[in-house]
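Enquirer: Below are the chains, spelled out letter by letter.
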Amino acid sequence: MGKKEELTEIVGSQQVIVDTHRLEKLSRDESFVCPARPAFIVKPHNIDEVQQIVKWANETLTPLVPISSGVPHFRGDSVPSVDGAVITDLSDMKKILRVDRKNRVAMIEPGVTFDELCGELEKEGLRPNMPLLPRRRKSVVGSVLEREPVIMPKYHWDIIDPLACTEVIFGSGDLYRTGAASGPGTIEEQWKSGEAQKSHAEPLADWCRILQGAQGTMGIVTWATIRCELIPDLEEPFIVGSSSLPGLFELIHWLVRLRLADECLVLNNAHLAHILAKQWPDEYERLRDSLPPWMLFFCISGYEYYPEEKVSYQIEKMMDIARRAGVKPVKELDKVTAQKLLKIIQKPSEEPYWKTRAKGSCYDIFSLATYDRIPELIKVMNNTAEENGYPVADMGIYLQPVVQGTSYHCEFNLFFNPANPEEVNKLKNLSHQAIKPLMNNGAFFSRPYDTWVDTVYEIDAETTASLRKIKGILDPNNIMNPGKLCF
Amino acid sequence: MALSRDAYQALEDIVGADNITEEPAILDAYAFQWGLKAFTGNPFGIRYEAVLLPGSTEEVQAIVKACNKHKIKFKALSTGWGPMNTTGSEGTIQLDLRRMNRILEINEKAMYAVVESYVISAQLQAELMKRGLTCNIISAGSNTSALPLAGLMGCGPTSVSTSYSNRNILGVEWVLPTGEILRLGSLGSGAGWFCGDGPGPSLRGIMRGYKVPLGGLGVFTKAATKVYHWPGPEVVQVEGASPGYTPELPDTITAHYITFPSWDKFTEAGYKIGESEIAMACDKLPPWMLSLNLTEDGREGVQLFSKIRSQTVDKGISVLVVVGADSQREFDYKEKVLKRITSETGGEFLPLVEEPATRKKLIWHRVRATTGARETFRLMLDQGASFGAADSWEFAVSEAKEGAKLKKKYIEKGLIMDDGADNAWGTVYEHGHMGHMDELFLTDPTNPASRQGMFGFMQETWQVSLEKSLGCHQGVMGDMGHDLFGPRTSNYHLWARKIKKTFDPNGASESSRYITAEE
Amino acid sequence: MTLEDCREDLEWCSRCSMCKFIPMEVISGYDFATVCPSIAKYNFHSYSAGGKLNMALAMLDGRIDYTDKLVEMIYQCQICGACDVSCKYNRDMEPLEALYEFRMKCVGDGQLVPAHMIVIDGLKREDNMMGGSKSQRGDWAKGLDVKDITAEKVEVYFHAGCRYCFDKELWPAARGAVGLLLKAGVDVGIMGKEEACCGGRSYEIGYQGELTKYAEHNMEMLKVAGVKILVTSCADCYYAFKVLYHKIGKKLDVEVLHITEYLERLLKEGKLKPAKKVPMVVTYHDPCHLGRMGEPWIPWEGVRTKGSGQFVLHEPPKEFRRGTHGIYEPPRNILKSIPGLRLVEMVRIRERAWCCGAGGGVIDAFPDFALWTALERVNEAKSTGAEAIVTACPWCKRSLSDAIEESGDGLRIYDVVEILEQAI
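Residue numbers (our numbering), protein chains in the order written: chain R, 1 to 487; chain W, 1 to 519; chain Y, 1 to 424.
Bear in mind the hints are in silico, worked out from the structure with no lab data behind them.
Hints may be right or wrong, so weigh each one.
Here are the computed lysine to any residue pairs in the SDA-like style, where the Cα-Cα straight-line distance is at most 25 angstroms [what the hints assert, rightly or not]:
id	chain 1	residue 1	chain 2	residue 2
1	Y	Lys318	Y	Trp300
2	W	Lys315	Y	Gly307
3	R	Lys3	R	Gly483
4	W	Lys408	Y	Lys306
5	Y	Lys306	W	Glu300
6	R	Lys436	R	Asp364
7	W	Lys265	R	Pro232
8	W	Lys498	R	Trp56
9	Y	Lys268	Y	Arg175
10	Y	Lys271	Y	Gly179
11	R	Lys192	W	Lys408
12	R	Lys317	W	Lys339
13	Y	Lys247	W	Glu296
14	R	Lys192	W	Gly481
15	R	Lys317	W	Pro233
16	W	Lys401	W	Gln452
17	R	Lys343	W	Gln452
18	Y	Lys168	Y	Met346
19	Y	Lys193	Y	Asp127
20	Y	Lys271	Y	Asp145
21	R	Lys340	R	Glu304
22	W	Lys339	R	Gly483
23	W	Lys130	Y	Val347
24	W	Lys336	R	Glu316
25	W	Lys130	Y	Lys247
26	Y	Lys306	W	Phe455
Small disclaimer: the values here were computed from a predicted structure and weren't measured.
Turn these sequences into a full structure, and let the hints steer you where they fit.
Expert: So, in structure tokens, the structure goes:
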């Protein structure tokens, strides 16, 4: 019996895809990683099938590449590094298993998208702490496993948030439940005792942290619990325009420190113009040129108890801090209303995905850094862009305070036309050249993708060695997405 | 089993003659732990072969390498409070990290502090307060290490607003059991202390669970911890002399001790207080502990407990809520919300804590966490804790409810001290997202029947946790406990053993209180 | 009492480490948080009060025997009582008593520190702890027009103490004290060369019998002299007369006052009026024996009983000495009464004051440790911005002076008396 038949036996014939076009589509993505064609796409329905697939892969030493989001993919992590891999597509596992208002948590399978989750949560008065404008077909579980930054930093206590517990089939084929979900008892029994799978740690380890950022190299998550937040009763969003960052950083520091703001993020003019523009290039250019170089967006929210009073004293305090920081929060900036922007960022991106609207694709370079290093990172990126002939004025920049302001996700968006080889080549060079200088100036690539990986790992031998040991424990035959990260 | 002279010389060469000893009296001082007597009848555990006082990470590394070479086990401690600091194996050396006691950085704007192992929380918090900041302090007290890898679990009176140790950790410097220095996250990439995760998977995942490895997986020498806003003064001026200090606190920081008529109402209030983000502390300080907290000797404590019993234990379940604000408006809002929640849930303020001087004293005791030893050991009892796994607030309350129910039996038999069967300490975490509760109990270790009562209670609570899915207890340490809970808990023990085996192939890091590699 | 009588406390040390720090409530920064010089200098846990209790228990249980190192550890401690205060912030136990008893056991078992043997020999021969000749004991007061209580009746007896009598550099403070008393019209006298040691220091290094001997001697001398008030400028002597004598059942039948208490009384009564400006910023060092250890002895005889069959209570109820009622205000009030003088406080003051380093026989047996301890204090004093340290004990002044000299700082040091003298 061939591999296809063996897989068919596990998931059924409909769920094993051999269509060349679809395989071809997943042999590459919008990044610069080398293409490699998968042998099959397999679409399990449930954990039993996932476990059988992983066991089968161990027996046959077949690489598995788990995916859960719809295309386009951008970062190369779902492109097989070797030929003959089986893409394990979890997008059919779409159950929202539980929404628990009291404990502000949802348990979902990996195929659930932000669009789907938001709708279900809303019924219970909840919302996810979302990344900024994810793709409509982006898997929520995929996003949290990637440690994608979220837009409400005050609820981002730990970098693992909003991920809580998971059910996972490790690369070894073993089933494991992380965190409080580990037990004792079944999940149903745990619910009976009031447990809500909120704690991500087990007694002696915190395996969920190993799964996060692993790009599918450790195992396949079959459900996860996601921390949620309440939908406010009252929202007062603001925009602060500025030609420089220090005043904005000062205000952000206090907004997060004093828990004044829910949503809180900084965009440059090109970034916001890309989000808002519907017509290209005119509207985009008009917006880009009319907006100030930097915009801080934040929202002060009131909840169940006396929301007006809460929002009122918080606005008073915020205005006082803003005055001292020398910046001016407004409700509308160059015809962009804070309310409109709030509504945009509280949902996934409209189709087509905003990053692809302008030129067809977008290459993101992102890292973490403390606020004081960000101006240097921008300088480095501007220089590198200029050196490679990339128009700096069109480079999007997104600064997201994370982990309650302990650092910032600093993201550079390089919009490009994937059909233009010259542009692609320039961008390839740019991305290659930028990583080291960024690192030298305080950038930490906590989530290395694509061609950055080697540069990132080569300076931290001990972490690399330790990660390989962990990989040896969880995936002894190296069948899970081999070739990614330092594996 | 004394150390070979070669080994001793090698160790002495690392730390210098003043910082190593085999003096039996010193070794016995390190072998002593109060809690052992209850378990073994002897307060002295196994003697370490030598005690070393390393002064730097490099020295720790060299010691660990020497241990691997000479086949010696090692175990490190910071302030060393509790039986988990003893060794379970002959042939172990003790690393006392007290010379590693620097605060390396306080980054006010990025809201983190970097400490070495022997900075105590009171020191760190005092420095933070000068900058309008504070930190999570574990419930044991501010006399313990501020390193978020030192306390068993790491939650404390203010965890509703300051989270708990496992979730506060950023960059970490970790001497692995084989002697390599692992620098987690941004630290390993040379970018600073602000992140402990990546590149790629976060090695925080193997470093600790909701409990720390208790010295069984190398030595944590430095770590960054998140810090939080403090709405009080830069220095809390304290008048008077010990033990009856009178702290000066602004009127925009207050506290109420609220008793609710039932567990359900108590639970509901916890959620509401959490979600409304009004509390600096939301701390289930049981009436027994409150009584000892506020009094200056044990007898007074006992008397106060009997006085407030009818207003607290007999009426329901109580919580201490500390409210702090930067402005009068904020304060008024928070107080108004708290009063409304109290009214909605049928709570009543305890008049004792409404008295301004008592209230201030209590706030400072909790914020600084000064009275851990007072609330537990003052009356010469052995304190044990059962349950203590964290998850949702409702789950935490379930633990406390079961604890109280089981404890009543033992109290009625006179085997466990009568604390009204309401001596669960716990807290809401992160404004209602999670909760913790452990059932404290006090026994007389000089009384064999009481000791048996302690074992019986522990055993029953373990059993009930397994049967009713009430989590893996915080007190489960060592192979025996993990082998009991592990098979019902996703076999976490087997995976932990793999970590132990992989990262400590020579078994050098003494791990009898954590988990050994032996299956 | 014996070490065995302390067994319960030895067993009930919870090893919380509070004894290593000032009470947590009053820690106001990273610096100056520690309180025990012994553990601060030597670092091994065994040097802390908790560690010593652990070792004492090990000895009672026959787990360890004497070694030179053990005896050294027991004595590398000023027995300053700071650990006792910090422990008793939370606990109802008596660590300081156990430390005393451990030393007494050492002496009883013949485990003696050579330097202390010399001192005790001198004491036995010459009735002083300084190795001086008894015949020269009264030299400090030469030229003072003050009565001799062995010859004349007076109301107030001024006891100089061994350190003042034999440390010539310190004489001005003792002479100044008498001078101020005379100026205020006090009917004061001294004993001159007939003055004998209080016996307190010998008790602290484990020679219990010497304390009894000197207590009886001094009781008799005072009875014969018929004085009503005993005043001393030495905090150690004050502690012995007021606390230790009472503790061993030899409570003096006179009022015992430290000079600062008496001077404060005279200021209040208007008998002394500081009029001259002393433009100086000073910080005050609380002597351990005047401050936390200077609070009255509270006799208690009873047993520990089980309340509710479980917890331990003292019957009859025991009032603990926790350092709350030491002599803290009188010296400060004197300083505050002086025009132009500004008092700035260190972190470790009152009941949580850091020791000067001299106490418990450390200055005799381990002078380097004494100096180290004093240097720590000098650094703390400097951190306040003060120009001078003021204290109220000759042992403290000696130790701190040596440290100032060692550090080469311009910091000055005075006794409270010397400052008041300047103002009057």
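Enquirer: Lys306 of chain Y and Glu300 of chain W: Cα distance at most 25 angstroms?
Expert: Holds: Lys306 of chain Y and Glu300 of chain W sit about 15 angstroms apart, inside 25 angstroms.
Enquirer: For the pair supplied as a hint, Lys401 of chain W and Gln452 of chain W, is the alpha-carbon distance within the 25 angstroms limit?
Expert: Holds. Lys401 of chain W to Gln452 of chain W sits at ~22 angstroms (cutoff 25 angstroms).
Enquirer: Going straight from one Cα to the other, do Lys271 of chain Y and Gly179 of chain Y come out at no more than 25 angstroms?
Expert: Given pair Lys271 of chain Y, Gly179 of chain Y holds - Cα atoms ~13 angstroms apart, limit 25 angstroms.
Enquirer: Is the hinted pair Lys265 of chain W and Pro232 of chain R satisfied, with a Cα-Cα distance of at most 25 angstroms?
Expert: Holds: Lys265 of chain W and Pro232 of chain R sit about 24 angstroms apart, inside 25 angstroms.
Enquirer: Verify the proposed pairing of Lys192 of chain R with Gly481 of chain W, using a straight-line Cα cut of 25 angstroms.
Expert: Measuring from Cα to Cα gives roughly 24 angstroms; hence the hint holds.
Enquirer: Are the Cα positions of Lys193 of chain Y and Asp127 of chain Y separated by 25 angstroms at most?
Expert: Holds, at roughly 10 angstroms.
Enquirer: Could you grab the alpha-carbon distance between Lys408 of chain W and Lys306 of chain Y and see if it respects the 25 angstroms cut-off?
Expert: holds (20 angstroms)
Enquirer: Would the pair Lys340 of chain R and Glu304 of chain R pass a check requiring their Cα atoms to be no farther apart than 25 angstroms?
Expert: Within the cut-off at roughly 23 angstroms; holds.
Enquirer: Against the 25 angstroms threshold, does the CA-CA distance of Lys318 of chain Y and Trp300 of chain Y hold or violate the hint?
Expert: At roughly 6 angstroms apart (the allowed maximum being 25 angstroms), Trp300 of chain Y and Lys318 of chain Y satisfy the hint.
Enquirer: Could you grab the alpha-carbon distance between Lys130 of chain W and Val347 of chain Y and see if it respects the 25 angstroms cut-off?
Expert: Roughly 15 angstroms separates the two Cα atoms, so the pair holds.
Enquirer: For the pair supplied as a hint, Lys306 of chain Y and Phe455 of chain W, is the alpha-carbon distance within the 25 angstroms limit?
Expert: holds (21 angstroms)
Enquirer: Are the Cα positions of Lys247 of chain Y and Glu296 of chain W separated by 25 angstroms at most?
Expert: Roughly 23 angstroms separates the two Cα atoms, so the pair holds.
Of the numbered hints stated above, those contradicted by the structure are hints 17, 18, 22 and 25, listed in ascending order.
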